[in-house]
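Spelled out from the first residue to the last, the chains are:
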Amino acid sequence: MSTIAKKQAELVEEFSMFSDWTEKYEYLIDLGKDLPVIDPQYKTEEYLIKGCQSQVWLRADKVDGKVVFTADSDAIITRGIVALLINVLSNETPQTIINDPLAFVDQIGLKEHLSPTRSNGLVSMMKQMKLYALAYQ
Amino acid sequence: MTSTKPDIEQIRKDFPLLSREVNGKPLVYLDNGATAQKPKQVIDAISGYYELENANVHRGVHFLSQLATDKFEAARELVRGFMNAPHLHEVIFTRGTTEAINLVAYSFCKAFLKPGDEILISAMEHHSNIVPWQLACEDRGATLKVIPYNEKGELIQSEYEKLLTDKVKLVSVVHISNALGTINPVKEMIRKAHEKNIPVMVDGAQAAPHLRIDVQDLDADFYCFSGHKVFGPTGIGVLYGKEKWLNAMPPYHGGGEMIKTVSFEKTTYNELPHKFEAGTPDIAGVIGLGEAIKYINSIGIETIGAWEHELLEYATEKLLAIPGLKIIGTAENKASVISFIVEGIHPYDIGVLVDKMGVAIRTGHHCAQPIMDQFCIPGTARASFAFYNTKDDVDRLVSSVTKAVTMLS
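Read top to bottom, the protein sequences are chains A and B. Sequence positions in the first sequence follow the working numbering and run 1 to 137. Sequence positions in the second sequence follow the working numbering and run 1001 to 1409.
Watch out, some of these pointers could steer you wrong.
To be verified - Straight-line alpha carbon distances no greater than 27 Å define the calculated DSS-like cross-link-like pairs of lysine-lysine that follow:
#, chain 1, residue 1, chain 2, residue 2
1, B, K1326, A, K33
2, B, K1110, B, K1167
3, A, K50, B, K1326
4, B, K1403, A, K33
5, B, K1326, A, K111
As the list claims (entries may be wrong) - Anything over 10 Å on all C-beta distances counts as not near chain B; from chain A, calculated:
#, residue
6, K7
7, P40
8, I76
9, L131
Calculated directly from the structure, the hints in this document are not laboratory data. Beta carbons are placed, not taken as given, at the ideal position from N, Cα and C, and that holds for glycine.
Only chain A is shown next, with the shape it has when bound in the complex (with noise of 0.2 Å):
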């Protein structure tokens, strides 16, 4: 198994756990509060990615062969989502985050934040991850 279809796997464990709506977003609302902010430095309209909703900053470096991802979003909710998506592809080879599969937001009952109607920003952030992972290929 490779380490994001893992690291899908143990989300999908953990939010199993969770018996209702309530708790499924308070803790997406905790992990948005915890969510390492994007150095301030950084943003800038060049990282942002417009919603309509909210919005979202994306950063990638590339260390050791490997994408790094720092993100925030001003909506916390969004910024929950943000946490679980740079948990799964940050700190993989540009190659695996193209090519791996990710079904964990589905999984997790999530799949209508990904939706183009939401209009959040996480769509285009997604796309926004991969075209990263390309130029640093």
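Following the hints, put chain B in place on chain A, whose structure we already have.
Only chain B this time, still in chain A's reference frame:
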């Protein structure tokens, strides 16, 4: 104003969607500003048309074509009555408010807007009443001017008067702001513009479901609204225009229906209203809209307005009791729209959590980004009420927002 309370319980039975569940909870639908739900009568009229009456209008001598045309034109008469337009041919069907504004921005400006001229709008317009004018001004070398509003969300009338110069060729202003709920004094604003012979267009998208529209009393030159916000179908809307302007304006779209004669050398255009209705219209949409207007008439728009006002006052008081909650848009004269923010909390987070509790509200900039910029906020959460909403709905909203705020704090 009559204030007989409508029989809400009975009314709600007419709206099939209102009895559904969302996220395992009975739905509380408070996004009427975005679109309103449809009564069974409207749904039946649309499916009935397709089941038994479908034919193209204004052509063909066969029975069904005649029937469809009669129903189509009967709906136009219902719309005429709804707005108290003087003439039937001044009522033009469009795809919605947006298309109605685009039509006027294109055709009026093509005829009357010259380099150096100005179009005047307000700072609380929906993007639909900003961008078409920007396009027209860009095309004609004209300038777009903007009437400012105060911290309550009321247009500053003294500034408006100053902006009404000889350069202004048209004023286009919203009747009720979708983001702030402000009811603008359009009658008085039209009077002031007319003193200088400047015509006025009114965006009535948010007003038509809530208050009596009387284009003659307002003396509006153009007035438009959308079918889907008055409990009718999506994709259909109305433009009222004074005959003298509509006749002086070139067509917006070319095609069938809008022509009298066509040759490769010269085409002559049809009479009003067909001149502005190119192509096969949304016949089912028009019939559905007619049915929606009948439905509103059966309750009475004054009764609707009075009940919504009661809901507005009740919800305002209850929401303001939530610590840190601030209402954006506190005009003296306000419709049943409450935009709010909670200190330190992003409106999107509130929207996501109350949705989990079965409450549908809108969050974001409400297609009115300049308003959000003026208040220096990323957006608001907005509850907008219709006559089928109840005080229980308000209570569910308040308890859901309270819970969301607790979770997010």
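Verification of the hints:
no. : hint              : in the structure
1   : B:K1326 - A:K33   : 24 Å, holds
2   : B:K1110 - B:K1167 : 16 Å, holds
3   : A:K50 - B:K1326   : 25 Å, holds
4   : B:K1403 - A:K33   : 18 Å, holds
5   : B:K1326 - A:K111  : 31 Å, violated
6   : K7                : 24 Å, holds
7   : P40               : 18 Å, holds
8   : I76               : 5 Å, violated
9   : L131              : 24 Å, holds
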